[in-house]
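Using the sequences and the accompanying hints, generate a full structural model.
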Amino acid sequence: MASEQVKSVLDNTRSFHRCAKEMYSRLAKDCEEQRASMLLDYLSEHEARLEDAITQTEADVSAKVLNTWVQSSESSTHLIQCQELQATSQSKASFDDLVELALKLDDQVIAVYQDLAQRAEPAWLQDVFESLLEMEQAEEKQLAKQALRGMDL
Numbered sequence: 010m011a012s013e014q015v016k017s018v019l020d021n022t023r024s025f026h027r028c029a030k031e032m033y034s035r036l037a038k039d040c041e042e043q044r045a046s047m048l049l050d051y052l053s054e055h056e057a058r059l060e061d062a063i064t065q066t067e068a069d070v071s072a073k074v075l076n077t078w079v080q081s082s083e084s085s086t087h088l089i090q091c092q093e094l095q096a097t098s099q100s101k102a103s104f105d106d107l108v109e110l111a112l113k114l115d116d117q118v119i120a121v122y123q124d125l126a127q128r129a130e131p132a133w134l135q136d137v138f139e140s141l142l143e144m145e146q147a148e149e150k151q152l153a154k155q156a157l158r159g160m161d162l
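Numbering-wise (our numbering), the sequence shown opens with residue 10 and increments by one.
Where hints are given, some of them may not hold.
Said to hold, decoys possible - With a Cα cut of at most 25 Å, we get these calculated DSS-like pairs of lysine-lysine:
| hint | residue 1 | residue 2 |
| --- | --- | --- |
| 1 | 101 | 154 |
| 2 | 73 | 16 |
| 3 | 16 | 30 |
| 4 | 113 | 30 |
| 5 | 150 | 113 |
| 6 | 16 | 113 |
| 7 | 101 | 30 |
| 8 | 113 | 101 |
| 9 | 38 | 101 |
| 10 | 30 | 154 |
| 11 | 154 | 113 |
| 12 | 154 | 73 |
| 13 | 150 | 73 |
As the list claims (entries may be wrong) - Taking CB as the label site, the calculated pair distances span:
| hint | residue 1 | residue 2 | range |
| --- | --- | --- | --- |
| 14 | 87 | 31 | 46 to 54 Å |
| 15 | 14 | 41 | 41 to 49 Å |
| 16 | 35 | 71 | 33 to 41 Å |
| 17 | 14 | 43 | 42 to 50 Å |
| 18 | 42 | 10 | 40 to 48 Å |
| 19 | 140 | 109 | 26 to 34 Å |
| 20 | 133 | 41 | 44 to 52 Å |
| 21 | 38 | 69 | 29 to 37 Å |
| 22 | 113 | 86 | 15 to 23 Å |
| 23 | 14 | 147 | 23 to 31 Å |
Please keep in mind that the hints were generated in silico from the structure rather than gathered at the bench. Here a beta-carbon is modelled for each residue, glycine too, at the ideal position from N, C-alpha and C.
Put into structure tokens, the structure is as follows:
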């Protein structure tokens, strides 16, 4: 069981999205396949939107929320470590590999928010994590749609 403040969770997930955005941008520069390059550009924008949304959430909630301690089955700090491991092995990834990676990375953040939404007390804190969870899930749906469009090219 891990304990951390809401502010730490938001900071860690924002950093995770920033790392992912930078990774996708870096991969796009080296990418020779047009479909994969277009997907990488989209993924970079996708991660930037999520990073901005977390920043906005942090600005919208009170200091009381940010300073509240929550318990989860796994600390959100593991996200960055997973990200670093994934980034090193994807330098010449195919379109399908990139879709799989993107969905896997999104699922990691979704798992953190799901866990926190289920464990958070009181209800107002649960609402914060449910809102973040819904945002991540909506973005993942958009990603899946974009991937399907890319497969049609």
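Outcome of the hint check:
Between residue 101 and residue 154 the alpha-carbon distance is near 23 Å, which keeps this suggested pair within the 25 Å criterion. With a C-alpha separation of about 10 Å, the suggested pairing of residue 73 with residue 16 holds against the 25 Å cut-off. Note on residue 16 and residue 30: the hinted pairing holds, with a Cα-Cα distance of about 21 Å set against a maximum of 25 Å. Of the pairs offered as hints, the one joining residue 113 and residue 30 holds, with about 15 Å between alpha carbons and a cut-off of 25 Å not exceeded.
Pair hint residue 150 plus residue 113 holds up; C-alpha atoms about 13 Å apart against a cutoff of 25 Å. For the hint linking residue 16 to residue 113, the alpha-carbon distance of about 24 Å falls within 25 Å, and the restraint holds. Annotation: proposed proximity of residue 101 to residue 30 holds, straight-line Cα distance about 17 Å (limit 25 Å). Annotation: proposed proximity of residue 113 to residue 101 holds, straight-line Cα distance about 18 Å (limit 25 Å).
Restraint check: the Cα-Cα separation between residue 38 and residue 101 comes to about 11 Å, which is no more than 25 Å; the hinted pair holds. Pair hint residue 30 plus residue 154 holds up; C-alpha atoms about 19 Å apart against a cutoff of 25 Å. For the hint pairing residue 154 with residue 113, the CA-to-CA distance comes to about 15 Å; that is within 25 Å, so the pair holds. The suggested pairing of residue 154 with residue 73 is violated, with an alpha-carbon distance near 37 Å, which exceeds 25 Å.
Straight-line distance between C-alpha atoms of residue 150 and residue 73 comes to about 32 Å, which puts the hinted pair past the 25 Å bound. In this structure the supplied range 46 to 54 Å is violated for residue 87 paired with residue 31, their Cβ-Cβ distance being about 19 Å. Between residue 14 and residue 41 the beta carbon distance is about 44 Å. The supplied range of 41 to 49 Å therefore holds. Between residue 35 and residue 71 the beta carbon distance is about 37 Å. The supplied range of 33 to 41 Å therefore holds.
Look at residue 14 against residue 43: about 44 Å separates their beta carbons, and that is inside 42 to 50 Å. At roughly 44 Å, the beta carbons of residue 42 and residue 10 sit within the given window of 40 to 48 Å. Here the CB-CB span from residue 140 to residue 109 is close to 27 Å, well matched to the stated 26 to 34 Å. The supplied range of 44 to 52 Å is met by residue 133 and residue 41, whose beta-carbon atoms lie about 50 Å from each other.
About 34 Å separates the C-beta atoms of residue 38 and residue 69, a value consistent with the hinted range of 29 to 37 Å. The hinted range of 15 to 23 Å is satisfied by residue 113 and residue 86, whose Cβ atoms lie roughly 18 Å apart. Against the hinted window of 23 to 31 Å, the Cβ-Cβ separation of residue 14 and residue 147 comes to about 26 Å, which satisfies the hint.
In the structure shown, a violation is registered for the earlier hints numbered 12, 13 and 14, in ascending order.
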